[in-house]
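Now for the letters of each chain:
2 protein chains.
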Amino acid sequence: MISAPVVTEQFKFEILYQSKISRARVGKIHTPHGIIDTPNFVAVGTNGSLKTLHNHDHQNLNVQLMFCNTYHLMVQPGTALIKEAGGLHRFIHRHQPIITDSGGFQVFSLAYAQAGLEQRELKGQGGKKHANSVVKVSEDGVIFRSYKDGRKILLSPETTVLAQKDLGSDIIIPLDELLPFHVDEQKLKASFDRTHRWECRSLHEHLKNRQNQAMYAVVHGGSDLALREKSCAILTNEAFDGFAIGGALGSDHQELYDTVKGTTVHLPIEAPVHLLGIGDVASIDKCIEYGIDTFDSSYPTKAARHGMILTREGPLKLIRTLHAKEFIPLDEGCQCQTCTHYSRAYLHHLFKANEPSAASLATQHNVHFMMQKMENIRTQIMCGLI
Amino acid sequence: MISAPVVTEQFKFEILYQSKISRARVGKIHTPHGIIDTPNFVAVGTNGSLKTLHNHDHQNLNVQLMFCNTYHLMVQPGTALIKEAGGLHRFIHRHQPIITDSGGFQVFSLAYAQAGLEQRELKGQGGKKHANSVVKVSEDGVIFRSYKDGRKILLSPETTVLAQKDLGSDIIIPLDELLPFHVDEQKLKASFDRTHRWECRSLHEHLKNRQNQAMYAVVHGGSDLALREKSCAILTNEAFDGFAIGGALGSDHQELYDTVKGTTVHLPIEAPVHLLGIGDVASIDKCIEYGIDTFDSSYPTKAARHGMILTREGPLKLIRTLHAKEFIPLDEGCQCQTCTHYSRAYLHHLFKANEPSAASLATQHNVHFMMQKMENIRTQIMCGLI
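As they're listed, the protein sequences go chains A and B. Take the position in the first sequence, starting the count at 1, then add 64; the result is the number in the numbering used here. Take the position in the second sequence, starting the count at 1, then add 64; the result is the number in the numbering used here.
There are no misleading hints in this set.
One copy or two, it doesn't matter: identical chains are merged, so the pair holds either way.
Simulated crosslink set (BS3-like; lysine-lysine; CA at most 27 Å straight-line):
#	residue 1	residue 2
1	Lys366	Lys416
2	Lys147	Lys381
3	Lys212	Lys366
4	Lys389	Lys216
It is worth saying that the hints were derived from the structure and are not from the lab.
Turn these sequences into a full structure, and let the hints guide you.
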């Protein structure tokens, strides 16, 4: 009745064109569930659903890679249930590639929210509503309490990998430690070392049963470029399939750019590179030049739910009265289903009337906008402009 | 860019088959925006959107008639703006027929909510959150205050018709008065008379400029069958295109059935009959036999948003733990997009995780269920079973 996704291919990163003026490149990530054209934007569907959209519609939107959060799926509905359903692709009815994280980011965000040590960062934290749920952090891993039923859950390098095996995502991520932005040298050093031990333990667990999945290492080191270089040296020495730039990425755009630029130069040119949790238009434009292949962020979908529309002329706050009588599409020339059928005036009205379709029509547009943007970037690289 | 709906035909009710064992019949209502097969269910899209769904998707769901609320559209975005947009069909991008009410039901619900005189009825009241907004009721009409900007709005037989002219809906409804369920004889009599004066004034206003719209009279008389007969006698004497059964319909199912049965016998067999605000499966089954052609109700869409799924085995509360591991469709054999692609377990998870797609996937199913049910009823009538 409910058809299974078809597993066809092994993981492989193919570079089609390398820019001559920057580290930017156009490529294809081959996965068991199909191809991801790079550079690309990775839409975030935390609980196995891009908020307000339906997975069977993504093919229209051409969302080639979807990011799901292991922490959320561990708590609800549980990864064992998803395994029983035939894996995440089958459970959520998505035939295209999926990437999952380790769950560490969410769990550590909670710990710092508890201690009042939030990261002042560009990335959203998430999960603050579930504060006071972290029970213990040790070399083993971290024990947290499920906000759903109070049960204690151990998130360790081994359990996150096993959870991601249950999910069957195409790209998985090892456990790492998230630190608050400003910590002393000693703490940073201790965490840095532990993170790399955890990542290697994760890889070790993964390699016992590859299950046709790829694992991306997470490069750490905060905004200390020497530490970033060291992290790259450690991780590129292991059998990871790709690299994600994680940890504290800086407190402003310039620091982010410097961190990314100073990191990618130490990564092998032939490996795919993901930038964790960054997806604003300005950062994407800059980081493409430094060789980032994929970006994930909940910003375009979250912004849509708040009536913030991405357009080629910049963002547009649809709830403003000036849009009430604009009988034109959200973004002139946009080919998405929303812009094809509806006007700004209608969506303005839907937002004013608190109609749930406002958020879904806006989300459809913003996701399409990002996909179109990435396609344009790929074309610009091919044309020698980036 | 945004295409206009095509106006093709005049209003006409065509009876294809009249049951030999009941007043049930199969027919077609021809409207300028297409055909409505009857009996049919009319989905409610108060603000010009079936909650959680997109108008350009309705064709898949085969929602042949959509009910929009003039009261809500007068307040937000205003009917003048909708006229400026080219009418409601064009504004909301719906190419199929639309019926609008007069706004009276909502405004009077407010008045009684204010006075603590709520109707104890099968129908939902709506709008209670905007209480204390009715300023004055007189022979002229009713003045209420917009909850949006505080401006006073006169709802009279003439202004509701002019508002519905702005909207350009295919079927419009004259202003009537809604009374609390238990009132004394004298008040009932006075309201009864005024309602019929208002309906005739509405018709008079409508006939000045038909604008290719049809007007259904609203039959009143509470559960007093002699009054219902009298109402039918008055209204069938005027140039209405069809009849809607309104007013207080009873405090339980039996009283509803008796009222409907005792009313339709006094209506001309060749006119279409609508039952206002009733759409539960049991009532539909019964009232079809009494000759009801169309039913509107927000129940199937509202139920869906609360995780109540309509199935051929009866309603199913999806949030219950027993559905957590059911890897089967919501309703086995259902051909809707939700049942084709997703399992009960996935939707259970989406509801537990508060994902907005839970409501839209469930709504899609419930609306499809109602459409399928009405199609089955038409077949059963044709087969001589009803």
